[in-house]
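**Q** Sequence:
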Amino acid sequence: MSLESWLKETEVEEEITFEEVEETTTTEEKLRLKGVYLVSADYDPDRSKVVLKFYDPKTEKIFLWYDCFNHKPYCYSKEDVEALKRKPEISQNERIVGLDREERLDPITDRKISVTKIVAADPLAIGGTRVSLREKLRVWEADIKYYLNYLIDMDLQIGIPYDVTKNKITESKLEMDPVATEIAEKVLKDVENKEEYEKWLKILSAEIPVFKRVAFDLEVFTEEEIIPSTSKADQPILAASFYGSDGLKKVLIHDIEGKLTEDMFKDKEYEVEIFRNEKSMIARIMEILEQYPFVITFNGDNFDFPYLYHRAIRLGFRKEDIPIKLGRNDARIIWGIHIDLYKFFFNKSVKSYAFKNRYDIVSLEEVSEALLGEGKVKLEEIVSKVSPSLLADYSFTDGKLTYELTSFNNDLVMKLITIIARISNMTLEDVCRLAVSNWIKNRLIQMHREKRYLIPLKDEIKAKGAERFTEPITKGKKYIGAVVVQPKPGVFFNVVVMDFASLYPSIIKEYNISYETVRCLHPECKDNIIPGTPHWVCKRKRGLMSEFVGIIRDLRVRVFKKLAKDQRLSKNLREFYDVVQGALKVIINASYGVFGSEAFPFYYLPAAESVTMTGRNVITKTIEYCRKLGLDVIYGDTDSLFLHNPPENKLDELVKFAKREFKLDLEVDKVYRYVAFSVRKKNYFGVLTNGQIDVKGLVGKKRNTPKLIKDAFFKSLEVLREVYTPEEFEKAKEQVKKIYFDTEERLKKREFTLDEVAISVVLGKRLEDYTSTTPEHVKAAKLLQTVMNREVKPGEVIRYVKTRGRLGVKPIEGASEKLIREIDVKRYIELLKSTFEQLMDAIGIDLEREVRGVNRLESFM
DNA sequence: GCGGACTGCTTACCT
DNA sequence: ACAGGTAAGCAGTCCGCG
Numbered sequence: 015m016s017l018e019s020w021l022k023e024t025e026v027e028e029e030i031t032f033e034e035v036e037e038t039t040t041t042e043e044k045l046r047l048k049g050v051y052l053v054s055a056d057y058d059p060d061r062s063k064v065v066l067k068f069y070d071p072k073t074e075k076i077f078l079w080y081d082c083f084n085h086k087p088y089c090y091s092k093e094d095v096e097a098l099k100r101k102p103e104i105s106q107n108e109r110i111v112g113l114d115r116e117e118r119l120d121p122i123t124d125r126k127i128s129v130t131k132i133v134a135a136d137p138l139a140i141g142g143t144r145v146s147l148r149e150k151l152r153v154w155e156a157d158i159k160y161y162l163n164y165l166i167d168m169d170l171q172i173g174i175p176y177d178v179t180k181n182k183i184t185e186s187k188l189e190m191d192p193v194a195t196e197i198a199e200k201v202l203k204d205v206e207n208k209e210e211y212e213k214w215l216k217i218l219s220a221e222i223p224v225f226k227r228v229a230f231d232l233e234v235f236t237e238e239e240i241i242p243s244t245s246k247a248d249q250p251i252l253a254a255s256f257y258g259s260d261g262l263k264k265v266l267i268h269d270i271e272g273k274l275t276e277d278m279f280k281d282k283e284y285e286v287e288i289f290r291n292e293k294s295m296i297a298r299i300m301e302i303l304e305q306y307p308f309v310i311t312f313n314g315d316n317f318d319f320p321y322l323y324h325r326a327i328r329l330g331f332r333k334e335d336i337p338i339k340l341g342r343n344d345a346r347i348i349w350g351i352h353i354d355l356y357k358f359f360f361n362k363s364v365k366s367y368a369f370k371n372r373y374d375i376v377s378l379e380e381v382s383e384a385l386l387g388e389g390k391v392k393l394e395e396i397v398s399k400v401s402p403s404l405l406a407d408y409s410f411t412d413g414k415l416t417y418e419l420t421s422f423n424n425d426l427v428m429k430l431i432t433i434i435a436r437i438s439n440m441t442l443e444d445v446c447r448l449a450v451s452n453w454i455k456n457r458l459i460q461m462h463r464e465k466r467y468l469i470p471l472k473d474e475i476k477a478k479g480a481e482r483f484t485e486p487i488t489k490g491k492k493y494i495g496a497v498v499v500q501p502k503p504g505v506f507f508n509v510v511v512m513d514f515a516s517l518y519p520s521i522i523k524e525y526n527i528s529y530e531t532v533r534c535l536h537p538e539c540k541d542n543i544i545p546g547t548p549h550w551v552c553k554r555k556r557g558l559m560s561e562f563v564g565i566i567r568d569l570r571v572r573v574f575k576k577l578a579k580d581q582r583l584s585k586n587l588r589e590f591y592d593v594v595q596g597a598l599k600v601i602i603n604a605s606y607g608v609f610g611s612e613a614f615p616f617y618y619l620p621a622a623e624s625v626t627m628t629g630r631n632v633i634t635k636t637i638e639y640c641r642k643l644g645l646d647v648i649y650g651d652t653d654s655l656f657l658h659n660p661p662e663n664k665l666d667e668l669v670k671f672a673k674r675e676f677k678l679d680l681e682v683d684k685v686y687r688y689v690a691f692s693v694r695k696k697n698y699f700g701v702l703t704n705g706q707i708d709v710k711g712l713v714g715k716k717r718n719t720p721k722l723i724k725d726a727f728f729k730s731l732e733v734l735r736e737v738y739t740p741e742e743f744e745k746a747k748e749q750v751k752k753i754y755f756d757t758e759e760r761l762k763k764r765e766f767t768l769d770e771v772a773i774s775v776v777l778g779k780r781l782e783d784y785t786s787t788t789p790e791h792v793k794a795a796k797l798l799q800t801v802m803n804r805e806v807k808p809g810e811v812i813r814y815v816k817t818r819g820r821l822g823v824k825p826i827e828g829a830s831e832k833l834i835r836e837i838d839v840k841r842y843i844e845l846l847k848s849t850f851e852q853l854m855d856a857i858g859i860d861l862e863r864e865v866r867g868v869n870r871l872e873s874f875m
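Quick note: the first sequence uses the numbering used here, first residue 15, plus one each step.
Since the hints were derived computationally from the structure, they do not count as laboratory data.
Virtual Cβ for every residue (Gly too), placed ideally from N, Cα, C.
Take these hints with a grain of salt, some might be off.
[Claimed, not checked] The following label-pair restraints were derived from C-beta to C-beta distances:
{"#": "1", "residue 1": "99", "residue 2": "465", "range": "26 to 32 Å"}
{"#": "2", "residue 1": "180", "residue 2": "290", "range": "56 to 62 Å"}
{"#": "3", "residue 1": "780", "residue 2": "278", "range": "40 to 46 Å"}
{"#": "4", "residue 1": "763", "residue 2": "584", "range": "58 to 64 Å"}
[Claimed, not checked] Within a straight-line C-alpha distance of at most 25 Å, the following computed BS3-like cross-link-like pairs (lysine-lysine) qualify:
{"#": "5", "residue 1": "540", "residue 2": "555"}
{"#": "6", "residue 1": "673", "residue 2": "208"}
{"#": "7", "residue 1": "677", "residue 2": "200"}
{"#": "8", "residue 1": "752", "residue 2": "840"}
{"#": "9", "residue 1": "131", "residue 2": "455"}
{"#": "10", "residue 1": "502", "residue 2": "664"}
{"#": "11", "residue 1": "63", "residue 2": "75"}
{"#": "12", "residue 1": "716", "residue 2": "847"}
Could you build the full structure based on these sequences and the hints that come with them?
**A** Written as structure tokens, this is what we have:
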């Protein structure tokens, strides 16, 4: 049967609709829920109310709770009520329902001001459309999402348990672990704002429930290797897979040709349901999904849910019967929480701080391979062409991997998301979709509100400070960054690396850096200068950012890191506290960067450069003190100092100096048996005292280096790992040389596979955006697109080889081993040479001379 | 018209 | 939509050279 006739046939079938979404419990008079976790909030435009989502771990269900306090959205004006009433934007707007005078503190001037609260009937009257108040008048606090505003006003905290009745929400009593209490009490004794700490301790140490969830993945028919259009949704769904925390393992298969039987899938590890009718299959998909309060996808915002939605519409479902809400950048499910892992793993902070850049490309394949050690089912062809059995396996594995990404290490990812939601007080959905500047922004907004500060507008912050003062070292940057010490070339045995514990956040904390405190308006603060700048810092008030970073940092170092190691606690609990301290670290590490990012509402270059300039001063002064102590500084970068053969007692003195002089913690980071430097910065290797190899920045470890060269490089490192004394170096050097020449021989004789000489480079932007130059990988990508008719997208890895042909490159995809004959061996030898030069430079081999020597020898033979 | 010096673009890395 | 600093290769341009 052709696809077209098949579609026609389905249209005449009887109407299938989704089951009614469960009526919310608010209508029940008796509603009484205990220990239910607040996980989300949203605005329901139909009821003109905020809806809260509570997760009950006992029944494993989500309850929707609609506002019953008649809370209204609002913003502020600096004009008085009378003046506002004279404005047509206010007087002729029936959606403005109230004007109230209020007192606020302007954090920039540190003076009380009177403002008018403009109350509206719905959030769109404030902002979000072209005719909203925000676009017409100069108003404050008008771009806070309404449901987040609600949480703040109602003093609600995401991620902790509540007892809920129809018209009352109270925090559940939380029992803190006695060990945690003991450690926390010590810290509480000497902090300036005890209540704030207590609040945080309670929020962060609350238990996290197991979230009942299902991972969901859709496979759709496609003619070519292109992603089907979600808006057209003109191709049938082929399969849907489910993997649930309750053990559900299921694949729904669409039997387009009417040839499938259940027997064909008998020995699978998952159940299979076969559907002749796509419409019933969609209804079944929805039925399964709705049994789970949390739905996990990998890219469900931009593919699975929009496709499902539009396909359902196309097949005749009514809009109001589909419980999916498609936004500009997200897909929400009205009965629960949709978590899109693609967005979460794409997050720069998550990628680097939580997962240490263990994955480079954000794809289900790469991320699972890196974090789970398990990849997708490999297909030789596109999904539309493989056998039903293979398609089912493929789909199932995608669902399974997606689920496992949330369950590995004892539900690490779910916990991480929950803890970040607690810190930022954002919904779980927002946490996994928005970036770190948003997380920090939301918590700062709440802090402003709690202190009754009026949140300044971006232009007010900008107008307050002079432009940046420093010149960046790197072209195209906005201000100066860190100091990198020129390394002393050579091999050094017994090297101790000292570093300042989270230097920038500590500076923000200790030096009171915040947008309102740097260049404050108090005359008496103007002598409190940041070294090397004309900026000064407030002496009268603690800055908001400084307070926030200070608390988070203290709690991490003094409470949660300790708890994570406390042997009196169960392994489970220690693991949990370790996740907490890890989440705190993610936030702390990003706290400086946001000051220099325009996307951040509290963007303020004088604050950013105050941090880096203080850092420069700290490291420079510490190096000077090392000289005084007779310590030999052979290298340093930003917050670290490499000391050659330092006497123990001198190190103690250095630590004391840092504490006394800067109030900062300097500590031993690592100790090298030996470390080898060339003249290059950020470029060295060493062997730690435990025998572990540490390579930094060398070409040999870069992801785009061909395997052949990489292997030779790491083989050499293995040799160097066995070196314990300067004498042993000589033998090792000979071995490294041999590895080099052996590899060169292999290249000359073409004894390699295509895979070994493939160069993998990420395509950074769309092909047509490379306007000034055409780098090699772009040439290869263009060949892929034009010759092989294969669409290439930014973010994709292009694998190519260097050839002797006109263009000099060819893509690997679809090529046979015959391509080896075209390889430009000469250019690979150059690559090998430069890779080894970095290594050999450091250990004192002049590669150029060695090569000439051998060549001369060869020419005689 | 050609080659070396130079600059700018691009990617990947370090802290 | 967190930052700046560094290395390296290649593409493209400029300049000198009878």
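**Q** Compare the distance between the alpha carbons of residue 752 and residue 840 with 25 Å, and conclude whether the hinted pair is satisfied.
**A** This hinted pair holds, its Cα atoms lying about 19 Å apart.
**Q** Can you tell me whether the CB distance of residue 780 to residue 278 sits inside 40 to 46 Å?
**A** 42 Å, holds
**Q** Could you see if the CB distance from residue 180 to residue 290 stays within 56 to 62 Å?
**A** Because 46 Å falls outside the window, the suggested range is violated.
**Q** Given the hint of 58 to 64 Å, is the C-beta distance from residue 763 to residue 584 inside that range or not?
**A** Check passed, 60 Å falls within 58 to 64 Å.
**Q** Check whether the Cα positions of residue 716 and residue 847 lie no farther apart than 25 Å.
**A** 15 Å, holds
**Q** Is the Cα-Cα distance between residue 677 and residue 200 25 Å or less?
**A** Roughly 20 Å separates the two Cα atoms, so the pair holds.
**Q** Residue 673 and residue 208: Cα distance at most 25 Å?
**A** 24 Å, holds
**Q** Using the Cβ atoms, figure out if residue 99 sits within 26 to 32 Å of residue 465.
**A** 30 Å, holds
**Q** Is the Cα-Cα distance between residue 502 and residue 664 25 Å or less?
**A** Answer holds: residue 502 to residue 664 is near 21 Å, not above 25 Å.
**Q** Quickly compare the C-alpha distance for residue 540 and residue 555 to 25 Å and report which way the hint goes.
**A** 14 Å, holds
**Q** Going straight from one Cα to the other, do residue 63 and residue 75 come out at no more than 25 Å?
**A** 21 Å, holds
**Q** Please work out if residue 131 and residue 455 have their alpha carbons no farther apart than 25 Å.
**A** 22 Å, holds
Checked against the numbered hints above, the structure breaks only hint 2 and satisfies the rest.
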